[in-house]
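Engineer: Residue-level listing of the chains:
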Amino acid sequence: MAEEKKGRHYLTGREIKAIVKENNKVIRALEKKKKRKAAESEFLSTMKDPANILEVDDLHSYFFTDQGVVKAVNGVSFEIPQGATVGVVGESGCGKSVTSMSIMRLLQGPYGQIVSGNIRFKSYDFKRDGKGKPIPIWDDDEEGNPQYDEVKDKKGNVKKGKDGKPLLERRQKRDQYGTRLFEMEEKVFDIAEMPTKEMHRLRGRQIAMIFQEPMTSLNPVFTIGNQLDEVTLLHFPGSSREDAKRRSIEMLNLVGIAAPERVYRSYPHELSGGMRQRVMISMALAGDPRLIIADEPTTALDVTIQAQILDLLRDLKKRINGSILLITHDLGIIAEMADYVVVMYAGRIIEKGTASEIFHHPMHPYTIGLQKSKPTMDSESDTLFNIPGNVPNPIDMPDYCYFRERCSGCVKACFGDYPPMVQVSPTHYVACHLYDKEKTE
Amino acid sequence: MMDENEWNKTGSAPSQEETVTQNEAPMSEEEASKSLSEPAEETSEQEAIPQAEETPEQAEAPKKGKVKKPQIPLEEMEAINAKCIESGEFEGFFDEVQAEKERKERDLAAKNDLSAPPDPEALLEVRHLKMYFPVVKSLTGKVKQWLRAVDDVSFKLKEGETLGIVGESGCGKTTMGRAILKLYQPTGGQIFFGGTDIAGYKSSKMRPLRTQMQIIFQDPYSSLPPRSTVGGILSEPVRVHKIVPKDKVKDYVLEVMDQCGLRDYYFERYPHEFSGGQRQRICIARALSVNPKLVVCDEPVSALDVSIQAQIINLLKNLQQQRGLTYVFISHDLSVVKHISDRIGVMYLGSMVEFGDKKAIFSNPMHPYTQALFSAVPNPNPDVKMDRIVLKGDIPSPVKPPMGCKFHTRCPKAMEICKHIAPKYLEYEPGHFVACHCYPQEVQ
Ligand SMILES: Nc1ncnc2c1ncn2[C@@H]1O[C@H](COP(=O)(O)OP(=O)(O)OP(=O)(O)O)[C@@H](O)[C@H]1O
Ligand SMILES: Nc1ncnc2c1ncn2[C@@H]1O[C@H](COP(=O)(O)OP(=O)(O)O)[C@@H](O)[C@H]1O
Ligand code: SF4
Ligand code: SF4
Ligand SMILES: [Mg+2]
Ligand SMILES: [Mg+2]
Numbered sequence: 001m002a003e004e005k006k007g008r009h010y011l012t013g014r015e016i017k018a019i020v021k022e023n024n025k026v027i028r029a030l031e032k033k034k035k036r037k038a039a040e041s042e043f044l045s046t047m048k049d050p051a052n053i054l055e056v057d058d059l060h061s062y063f064f065t066d067q068g069v070v071k072a073v074n075g076v077s078f079e080i081p082q083g084a085t086v087g088v089v090g091e092s093g094c095g096k097s098v099t100s101m102s103i104m105r106l107l108q109g110p111y112g113q114i115v116s117g118n119i120r121f122k123s124y125d126f127k128r129d130g131k132g133k134p135i136p137i138w139d140d141d142e143e144g145n146p147q148y149d150e151v152k153d154k155k156g157n158v159k160k161g162k163d164g165k166p167l168l169e170r171r172q173k174r175d176q177y178g179t180r181l182f183e184m185e186e187k188v189f190d191i192a193e194m195p196t197k198e199m200h201r202l203r204g205r206q207i208a209m210i211f212q213e214p215m216t217s218l219n220p221v222f223t224i225g226n227q228l229d230e231v232t233l234l235h236f237p238g239s240s241r242e243d244a245k246r247r248s249i250e251m252l253n254l255v256g257i258a259a260p261e262r263v264y265r266s267y268p269h270e271l272s273g274g275m276r277q278r279v280m281i282s283m284a285l286a287g288d289p290r291l292i293i294a295d296e297p298t299t300a301l302d303v304t305i306q307a308q309i310l311d312l313l314r315d316l317k318k319r320i321n322g323s324i325l326l327i328t329h330d331l332g333i334i335a336e337m338a339d340y341v342v343v344m345y346a347g348r349i350i351e352k353g354t355a356s357e358i359f360h361h362p363m364h365p366y367t368i369g370l371q372k373s374k375p376t377m378d379s380e381s382d383t384l385f386n387i388p389g390n391v392p393n394p395i396d397m398p399d400y401c402y403f404r405e406r407c408s409g410c411v412k413a414c415f416g417d418y419p420p421m422v423q424v425s426p427t428h429y430v431a432c433h434l435y436d437k438e439k440t441e
Numbered sequence: 442m443m444d445e446n447e448w449n450k451t452g453s454a455p456s457q458e459e460t461v462t463q464n465e466a467p468m469s470e471e472e473a474s475k476s477l478s479e480p481a482e483e484t485s486e487q488e489a490i491p492q493a494e495e496t497p498e499q500a501e502a503p504k505k506g507k508v509k510k511p512q513i514p515l516e517e518m519e520a521i522n523a524k525c526i527e528s529g530e531f532e533g534f535f536d537e538v539q540a541e542k543e544r545k546e547r548d549l550a551a552k553n554d555l556s557a558p559p560d561p562e563a564l565l566e567v568r569h570l571k572m573y574f575p576v577v578k579s580l581t582g583k584v585k586q587w588l589r590a591v592d593d594v595s596f597k598l599k600e601g602e603t604l605g606i607v608g609e610s611g612c613g614k615t616t617m618g619r620a621i622l623k624l625y626q627p628t629g630g631q632i633f634f635g636g637t638d639i640a641g642y643k644s645s646k647m648r649p650l651r652t653q654m655q656i657i658f659q660d661p662y663s664s665l666p667p668r669s670t671v672g673g674i675l676s677e678p679v680r681v682h683k684i685v686p687k688d689k690v691k692d693y694v695l696e697v698m699d700q701c702g703l704r705d706y707y708f709e710r711y712p713h714e715f716s717g718g719q720r721q722r723i724c725i726a727r728a729l730s731v732n733p734k735l736v737v738c739d740e741p742v743s744a745l746d747v748s749i750q751a752q753i754i755n756l757l758k759n760l761q762q763q764r765g766l767t768y769v770f771i772s773h774d775l776s777v778v779k780h781i782s783d784r785i786g787v788m789y790l791g792s793m794v795e796f797g798d799k800k801a802i803f804s805n806p807m808h809p810y811t812q813a814l815f816s817a818v819p820n821p822n823p824d825v826k827m828d829r830i831v832l833k834g835d836i837p838s839p840v841k842p843p844m845g846c847k848f849h850t851r852c853p854k855a856m857e858i859c860k861h862i863a864p865k866y867l868e869y870e871p872g873h874f875v876a877c878h879c880y881p882q883e884v885q
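Here the protein sequences come in this chain order: A and B. If you count the first sequence from 1, position 308 lands on 308 in the numbering used here, and the numbers rise without skipping. Heads up, the numbering used here is the position in the second sequence plus 441, with the first residue counted as 1.
Hints listed in this document are in silico derivations from the structure and should not be mistaken for laboratory results. Just to be clear, a hint being listed does not mean it is correct.
[What the hints assert, rightly or not] Quick list of simulated restraints, FRET-style, between CB atoms:
1. A:Q423 with B:K833: 54 to 60 Å
2. A:E261 with B:V840: 49 to 55 Å
3. B:D828 with A:Q82: 24 to 30 Å
4. A:Y148 with B:V577: 46 to 52 Å
5. A:E22 with B:D705: 32 to 38 Å
6. A:E261 with B:K599: 50 to 56 Å
7. A:T383 with B:K585: 48 to 54 Å
8. A:E183 with B:D828: 42 to 48 Å
9. B:K691 with A:N390: 24 to 30 Å
[Stated by the list, open to error] Facing chain B, according to a computed beta carbon distance under 10 Å, are these residues of chain A, among others:
10. S92
11. M104
12. M275
13. A307
14. A335
15. K374
Given the structure is predicted, the values throughout are model-derived calculations rather than measurements. Positions of the beta carbon are idealized from the N, C-alpha and C atoms, including for glycine.
When you get a sec, could you build the whole thing from the sequences and use the hints?
Structural biologist: Right, dumping it as structure tokens:
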């Protein structure tokens, strides 16, 4: 049947039926796994390197379409060190977004599924007591005596008990935005193994995401303030509306919005593209995340606003001591922002290394081509380099190097298997037969 | 607030009939591309109406009995301005009366230019082009406020050359491109195409010119009709405009497709089956199929990723060499424009702030806004951490542009004078025009 398929651009009804049947079987099993009840121990894991905050290990995320299985992410491994910015580049359709959606567990089900692999994340969560309640950090005086404050209701009036006396609560430590502090602990979770229900512990709080088109991710019928408050109310136990508002305004301040009170009361459509993207970033920050995934955060914006947002992201990373996974097709942005770079092509990583390795010593022919095709300000030549040809059909991937049809530097080995990942320096890896030691010798 | 009469005073007002066309909603991309390929319906033509734009002197008589608003003292104006800038609400201060006065002075000064004969060397010469849209209407339907999307833009473009237009979104690039092609009826100014002023042409008079002027849109996804095949999309304008005899249409279309890097078996396929880059090639083929002289490319690569951008830019350049095309190439990214342009125009809030040869602009960007645009382009070298000029805030609303120099609310070099007096658009090197108080305001 495979032979037959080659010459045609379509599938017959019977072929599609067979595919659908096969797909449904796989999807059902995977969905069941996601819905299962699991003890925490089932998805606890350990980091290969404790300096990392995220380790993605041989991740496969597929789409089970009626035309066949699209291997959108096909064996991707990389890690994000604590405090670093990792950039992912590649042309559209290469699987950048699917990788980030897999980390967030937001793949469009039931057709989109993580099929195999591990995503280990070092979570820094509330320590919980026997009943599952977070343990507050009390703000006692120097001698260790508990301090008490009057409890206030939503309107700021002192709450009274049945006996008419003001209600008291023990004073809890708060962060600089006035949000209550709890005891924290570090755990490593394997996101790929977690039941969907458990994801709320990470999503939006410890891992936050900034999308390409801010308008689609903000709710048009609620004010910015409403949506920002929601993050705090959802993720920080014991927060009052007042606490939430204070935190929201602080967050808007943090992202450089000059009139936070006004923006707090605005609806998304009243803001410009740049402002909305700032609001998105402030919303991502409100959960106090340790990892921010920014998926083409500036592609919908023009260059001057892009410069503002990049400036902001750089500044914020320093301040919050978090890590950023930055996804883009613009090498210039990666060069400016990233410490490490991952280059993807057709669902696989073809090269990764530090920013300076990738930019000064790119090794894979695709990376080299990508760099040459970027229009730059200082290049003298008038014609731009462009990589000829197209990405192979995602449903029918070849078993040799995916880049072969477009590659100008083919060697004999390229007509054999898909090239393995070769380590060329402690941090630099490339998957290309040109650097395949045993074979070139 | 301006009513219709006051509006007429400025001299660039549309006549009653034209106002009606103004009020129509702007054409969508699909409609616009249709109107480029199809002749207008006969019924919509009313040739009798004289079309030429009034020159300023025509509606000069001042209106009596109207009490002028007192002008706000300078100190107060400054205080408000300072506050606006500080709070990030970059609206700037706006004094309607003063702004109106300035516009009038400017239009009077432009009178000489408008009566001069067109430059015989230029294929396209635009003089003091204005495109205003009504935004606020009173209950009686009178326009109370105008959005000045393009306000007094002038340039010349020789045959076979490319003019790159850069500027942030919302600065009026698209509007200008569409006004040049008469997809909008310009509010004022002149557009000389091949030596004749087409600014006042009605659609029927434009029809024979339609094949000579084409446009390629930013979004390759929405500008192609989803229910026609690629062959159908490309054949239609060829057939309508009778570019080649009927029996040769298919061969001709296949030839154009080949030139644009489209394989022949795409002929029977539908737009949704193609990637962004391929769709943009289809749009280019459609524009070129009628053999135009001038093509307005409105952000043709902004929606595409880097590797595809390079393909499309190279394609446009090759086609230009083969066919001697003239391009107006619009983009917000200077690094893209650089590779295709001979001249570059930088727009801000409806005005041209700098214009010149590519070399002049790149070796010596004079206007602070151009300099900021330069430094906004990310540098693909991780070791060069440049001192970037980050402009604060957004582009202000073109309904109430800031007084004086429109850029002063965001300009890192703004001076006192910039808040009150608009800088003159002057030629500092041959062919290099700049409007900024940083440079002498006297013509050498
Ligand atoms: N619905 C479809 N039916 C048939 N072929 C399709 C369909 N969608 C895409 N293709 C083909 O698959 C190939 C890859 O398309 P895809 O949209 O993934 O490209 P891409 O890499 O995203 O390109 P770009 O960056 O230009 O958008 C192209 O050759 C395209 O013609
Ligand atoms: N909902 C979906 N259904 C089917 N295929 C999808 C879906 N979303 C993405 N894909 C496919 O997955 C691949 C990678 O897509 P994506 O990660 O979105 O690319 P990008 O690198 O542009 O972010 C593409 O081949 C795309 O067609
Ligand atoms: S493995 Fe061969 S075909 Fe693939 S990129 Fe390397 S040289 Fe080119
Ligand atoms: S005139 Fe003044 S505000 Fe305008 S660009 Fe020049 S220096 Fe800046
Ligand atoms: Mg994407
Ligand atoms: Mg535009």
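Engineer: Indicate, hint by hint, whether the structure satisfies it.
Structural biologist: Do the hints match the structure? See the list:
no.: 1; hint: A:Q423 with B:K833: 54 to 60 Å; in the structure: 45 Å, violated
no.: 2; hint: A:E261 with B:V840: 49 to 55 Å; in the structure: 24 Å, violated
no.: 3; hint: B:D828 with A:Q82: 24 to 30 Å; in the structure: 29 Å, holds
no.: 4; hint: A:Y148 with B:V577: 46 to 52 Å; in the structure: 57 Å, violated
no.: 5; hint: A:E22 with B:D705: 32 to 38 Å; in the structure: 35 Å, holds
no.: 6; hint: A:E261 with B:K599: 50 to 56 Å; in the structure: 53 Å, holds
no.: 7; hint: A:T383 with B:K585: 48 to 54 Å; in the structure: 51 Å, holds
no.: 8; hint: A:E183 with B:D828: 42 to 48 Å; in the structure: 44 Å, holds
no.: 9; hint: B:K691 with A:N390: 24 to 30 Å; in the structure: 25 Å, holds
no.: 10; hint: S92; in the structure: 5 Å, holds
no.: 11; hint: M104; in the structure: 22 Å, violated
no.: 12; hint: M275; in the structure: 7 Å, holds
no.: 13; hint: A307; in the structure: 4 Å, holds
no.: 14; hint: A335; in the structure: 4 Å, holds
no.: 15; hint: K374; in the structure: 5 Å, holds
When the structure is compared with the earlier hints, violations turn up for hints 1, 2, 4 and 11 and for no others.
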